[in-house]
Amino acid sequence: MRIPQVKKEKKRISFFRLEFNLGKLRRRFEHFVFLIPALLVVGAVLVYPLLHTFYLSFFDYSISKGMRYAGLQNYADILVDKTFYVALQNTVIYTIIVVTTEMIYGFILANVLNRDFRGKNFIRALFMIPLLTSPIVSGLTWRLLFNPDLGFVNYFINLLGFKSQVWTGNPHLALPSIMVVDFWSGTPFVMLLLLAGLQSISKKLYEAATIDGANRFHLLRYITIPLLKPMILVVLLLRTMDSLKIFDIVYALTGGGPGISSMTVGIYAYLKGFRLFYLGYAAAISWVLAVIIILVCILYIRFINVPEQD
Amino acid sequence: MNKKPGDLVISIISYLFIGASLLFFLFPVFWMFLTSIKPPQDVFAIPPKWIFKPTWVNYTTAFVKKDYLKYLWNSFFITSISVIVATVIAAMAAYVTARFRFKGKNTMLLGLLVFYTMPGIAYAIPLFLWFSALKIIDTPLALIIVFTALTIPFATWVLNGYFVSIPRDLEEAAMIDGCSQWGALFRVVLPLAAPGVAATAILTFIGTWNSFLYPAILAGSKTITLPTAIATFITNTSIEWGQAAAIASVIIIPVVILVLLGQRYIIMGLVSGAVKE
Numbered sequence: 120m121r122i123p124q125v126k127k128e129k130k131r132i133s134f135f136r137l138e139f140n141l142g143k144l145r146r147r148f149e150h151f152v153f154l155i156p157a158l159l160v161v162g163a164v165l166v167y168p169l170l171h172t173f174y175l176s177f178f179d180y181s182i183s184k185g186m187r188y189a190g191l192q193n194y195a196d197i198l199v200d201k202t203f204y205v206a207l208q209n210t211v212i213y214t215i216i217v218v219t220t221e222m223i224y225g226f227i228l229a230n231v232l233n234r235d236f237r238g239k240n241f242i243r244a245l246f247m248i249p250l251l252t253s254p255i256v257s258g259l260t261w262r263l264l265f266n267p268d269l270g271f272v273n274y275f276i277n278l279l280g281f282k283s284q285v286w287t288g289n290p291h292l293a294l295p296s297i298m299v300v301d302f303w304s305g306t307p308f309v310m311l312l313l314l315a316g317l318q319s320i321s322k323k324l325y326e327a328a329t330i331d332g333a334n335r336f337h338l339l340r341y342i343t344i345p346l347l348k349p350m351i352l353v354v355l356l357l358r359t360m361d362s363l364k365i366f367d368i369v370y371a372l373t374g375g376g377p378g379i380s381s382m383t384v385g386i387y388a389y390l391k392g393f394r395l396f397y398l399g400y401a402a403a404i405s406w407v408l409a410v411i412i413i414l415v416c417i418l419y420i421r422f423i424n425v426p427e428q429d
Numbered sequence: 521m522n523k524k525p526g527d528l529v530i531s532i533i534s535y536l537f538i539g540a541s542l543l544f545f546l547f548p549v550f551w552m553f554l555t556s557i558k559p560p561q562d563v564f565a566i567p568p569k570w571i572f573k574p575t576w577v578n579y580t581t582a583f584v585k586k587d588y589l590k591y592l593w594n595s596f597f598i599t600s601i602s603v604i605v606a607t608v609i610a611a612m613a614a615y616v617t618a619r620f621r622f623k624g625k626n627t628m629l630l631g632l633l634v635f636y637t638m639p640g641i642a643y644a645i646p647l648f649l650w651f652s653a654l655k656i657i658d659t660p661l662a663l664i665i666v667f668t669a670l671t672i673p674f675a676t677w678v679l680n681g682y683f684v685s686i687p688r689d690l691e692e693a694a695m696i697d698g699c700s701q702w703g704a705l706f707r708v709v710l711p712l713a714a715p716g717v718a719a720t721a722i723l724t725f726i727g728t729w730n731s732f733l734y735p736a737i738l739a740g741s742k743t744i745t746l747p748t749a750i751a752t753f754i755t756n757t758s759i760e761w762g763q764a765a766a767i768a769s770v771i772i773i774p775v776v777i778l779v780l781l782g783q784r785y786i787i788m789g790l791v792s793g794a795v796k797e
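As given, the protein sequences belong to chains B and U, one line each in that order.
For the first sequence, the working numbering begins at 120 and goes up steadily by one.
For the second sequence, the working numbering begins at 521 and goes up steadily by one.
Note that these hints are calculated values from the structure, not bench results.
Some hints here could point you the wrong way.
Quick list of in silico lysine to any residue cross-link-like pairs, SDA-like style, CA-CA up to 25 angstroms [stated by the list, open to error]:
{"#": "1", "chain 1": "U", "residue 1": "LYS569", "chain 2": "B", "residue 2": "GLY280"}
{"#": "2", "chain 1": "U", "residue 1": "LYS625", "chain 2": "B", "residue 2": "PHE422"}
{"#": "3", "chain 1": "B", "residue 1": "LYS239", "chain 2": "U", "residue 2": "ILE773"}
{"#": "4", "chain 1": "B", "residue 1": "LYS239", "chain 2": "U", "residue 2": "LYS569"}
{"#": "5", "chain 1": "U", "residue 1": "LYS623", "chain 2": "B", "residue 2": "LYS239"}
{"#": "6", "chain 1": "B", "residue 1": "LYS239", "chain 2": "U", "residue 2": "ILE759"}
The calculated label-pair distances, taken between Cβ atoms and stated as ranges, are [as the list claims (entries may be wrong)]:
{"#": "7", "chain 1": "B", "residue 1": "PHE396", "chain 2": "U", "residue 2": "LYS586", "range": "22 to 32 angstroms"}
{"#": "8", "chain 1": "U", "residue 1": "LEU649", "chain 2": "B", "residue 2": "LEU339", "range": "52 to 62 angstroms"}
{"#": "9", "chain 1": "U", "residue 1": "ASP697", "chain 2": "B", "residue 2": "ARG234", "range": "47 to 57 angstroms"}
{"#": "10", "chain 1": "B", "residue 1": "ASN277", "chain 2": "U", "residue 2": "SER600", "range": "37 to 47 angstroms"}
{"#": "11", "chain 1": "B", "residue 1": "LEU338", "chain 2": "U", "residue 2": "GLY703", "range": "22 to 32 angstroms"}
{"#": "12", "chain 1": "U", "residue 1": "GLY698", "chain 2": "B", "residue 2": "ARG340", "range": "55 to 65 angstroms"}
{"#": "13", "chain 1": "B", "residue 1": "LYS184", "chain 2": "U", "residue 2": "VAL684", "range": "29 to 39 angstroms"}
{"#": "14", "chain 1": "U", "residue 1": "MET695", "chain 2": "B", "residue 2": "LEU191", "range": "52 to 62 angstroms"}
Glycine is no exception: its CB is placed at the ideal position from the N, C-alpha and C atoms.
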C-alpha cells in the first residue's frame, strides 16, 4: 500500500524541479513555446481576474463611496444576508431537480433513439435545436409561451381543462417555470452525450447476453449502465456545474423575481455588482459561488476516479 | 432477427415517446419563428392562428429600420475573430499536451477545466474595471480578448483528444525531412486533424455566438452583440414580440446551419475526451 504514496511524492518534487531547472527547460524550450500563448492569455484574462475578484471581496467598494478596506466584512454580511440564503436555497433546489430530471429523461431518450429506425440521424439532429439556442433566446421564447393572458402554455392547459396561471409572475411558479426552460435546453445535451456513449458499446455484448437468456432489464442493468457509467458521470458533472451558475435563462425569464422568489446566486451577484454597483460585495458573492462549484467539482472527480483505481 | 411478441408493443411505445418528445423540444423554436412571420394583429390571437399570410415586416423593421443589422455584424465579427485566434492558440497548446510527456501536464489540463467551469460573474467585475481603466470598453477588442480567453480551455481539451488519436509517424517523417516543430504542427497535424479542428471551431463558435453576460457588461451601443441586444426587449414594459421573434430567429439560424454542416464531427468531438480511456 505504501509504494504508490512514495511514487506520488516523487512526482511532486520533480514537478517543482522542472519548473525551476532552467537548463532542462531550455532543452525542451521549443516544445513549450507552443504552450506560452495559451498560458499567457488564460493567465491574464482568467486567472488574474479571479484572484482580483478575491482581492476585491475584502473591500467595501461602490461607485458612490469609492474603495475602502473592509476585511472580512463582506463575508460576514453574506452570512446574515437573507436574500443570499434565498438565492442559495433556490440554486441548490433548482440544481438538484433540474439535473435529476434531465439525467433520467435524457437517459431514456438516448436509449430510445439508439434503436434502428428510418431517418434516425435526422431525428437525432432535430433534438439538438434547443441545445443550439442561445440561453437568452430560450428564456425569451419561453417568456412568450408563458405569457399569462395570451401565451400558448395557458391556451394549451385550458384545452386540457386546467385554469390559466400567471407562470413567471407567480412567486410559487417562477422557479418551476425556469426549471421547465432549463429542462428543455439541458435534456438534449444529456441525450446527445449518452447516445454517443451508447453507440460506443459493442452490439455483440447484447447479442451474447441475449443468447445466454438475459432479458431487457438484465441488459440494462448489467451491460448498459456499467459501461455507460463514465459517460454518465461526466454528463452529471457538466450539467451540475452549469446549473449551479445558472444566469442567462433566469435573467431573460424572471430576472430573479417576482420579489426575490426566483433569485439564484449568479443573478444576485450580477444585480449587486452591475445594477447597484456594490462591487466588493458582488465579488464576495461570486467567490462563494466559485468555491461551491470547485468543491462540487472536486467531489465529483473523486467519485469518477474511484472505479478506475479498483 | 427473431421477433418476440413484446417487441411490437415496445416499438410503438418508443415511437410515441420520440414523437411526443420531439413535439416538446421543437415546438418553442417553431413557435418563435411562426411569431416572427405573423402579421402584428395575429401574434396574440387566441385560439392561435395557424394559417395566416406570412410577412417579413418584423425582419425589415428590426434589421433595416433599426440598428440590428449592425449588431448582427458585431456578433459575427467578434465571434469569428475570437474563435480563429483561440483555435490557433489552443491547437498549439493541445499539440504539446498530446505529444509530450511532462510533469504537471494533467494538473494543467485539469486546471484549464476548472477555469472553464467558473461562473462568468467571477471574472466579470475585474475585467469591467480594467477595461474601463484602459478605455477599451465598447470596443471589439475588449470582447475579443475575453472570448478568446474563455474559449481556450475548452478548445484545448477537445483538440487534445483529437491530436492524441493522430499517429506520430507522419510528423516524425516530416521532421526528419527538415520540417520544424512549427511546420509539423501546421503542415502535418492540423490538416490531418481538420475535422476535429472544424468541430472544435464550430462548438466554440456556438458558445461565443450565444454568449450574453460579457457583451452586457463590456459592450455599449457600438459593439453590442445580437443576444445582448435582444435582451433590451425584456426591460421594456411592453415587448415587441414580432421583432423580438425575428431577431431570435436570426440568432438561431447561423448556428443551425453550422451544425448541419459539421454534425458528424461535433458528436465525435464532444465525446473524444470522455470515451478514450
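Here is what the structure says about each hint:
1. The straight-line distance between the Cα atoms of LYS569 (chain U) and GLY280 (chain B) is roughly 20 angstroms, inside the 25 angstroms bound, and the hint therefore holds.
2. Using a Cα cut-off of 25 angstroms, the hinted pair LYS625 (chain U) and PHE422 (chain B) holds, with the two alpha carbons roughly 21 angstroms apart.
3. Restraint check for LYS239 (chain B) and ILE773 (chain U): satisfied, since their Cα atoms lie roughly 22 angstroms apart, inside the 25 angstroms limit.
4. Only pairs whose Cα atoms come within 25 angstroms are accepted, and LYS239 (chain B) paired with LYS569 (chain U) is rejected, the gap being roughly 31 angstroms.
5. Only pairs whose Cα atoms come within 25 angstroms are accepted, and LYS623 (chain U) paired with LYS239 (chain B) is rejected, the gap being roughly 45 angstroms.
6. A threshold of 25 angstroms between alpha carbons decides the hint, and for LYS239 (chain B) with ILE759 (chain U) the separation of about 38 angstroms lies outside it, so the pair is violated.
7. In this structure the supplied range 22 to 32 angstroms holds for PHE396 (chain B) paired with LYS586 (chain U), their Cβ-Cβ distance being about 29 angstroms.
8. Checked against the hint of 52 to 62 angstroms, the pair LEU649 (chain U) and LEU339 (chain B) passes, with Cβ atoms roughly 53 angstroms apart.
9. Judged by the Cβ atoms, the range 47 to 57 angstroms given for ASP697 (chain U) and ARG234 (chain B) holds: they are separated by roughly 50 angstroms.
10. At roughly 46 angstroms, the beta carbons of ASN277 (chain B) and SER600 (chain U) sit within the given window of 37 to 47 angstroms.
11. A beta carbon spacing of about 50 angstroms between LEU338 (chain B) and GLY703 (chain U) contradicts the range 22 to 32 angstroms that was offered as a hint.
12. At roughly 58 angstroms, the beta carbons of GLY698 (chain U) and ARG340 (chain B) sit within the given window of 55 to 65 angstroms.
13. Between LYS184 (chain B) and VAL684 (chain U) the C-beta distance comes to about 53 angstroms, which lies outside the given range of 29 to 39 angstroms.
14. For MET695 (chain U) and LEU191 (chain B), the Cβ-Cβ distance of about 56 angstroms falls inside the hinted range of 52 to 62 angstroms, so the restraint holds.
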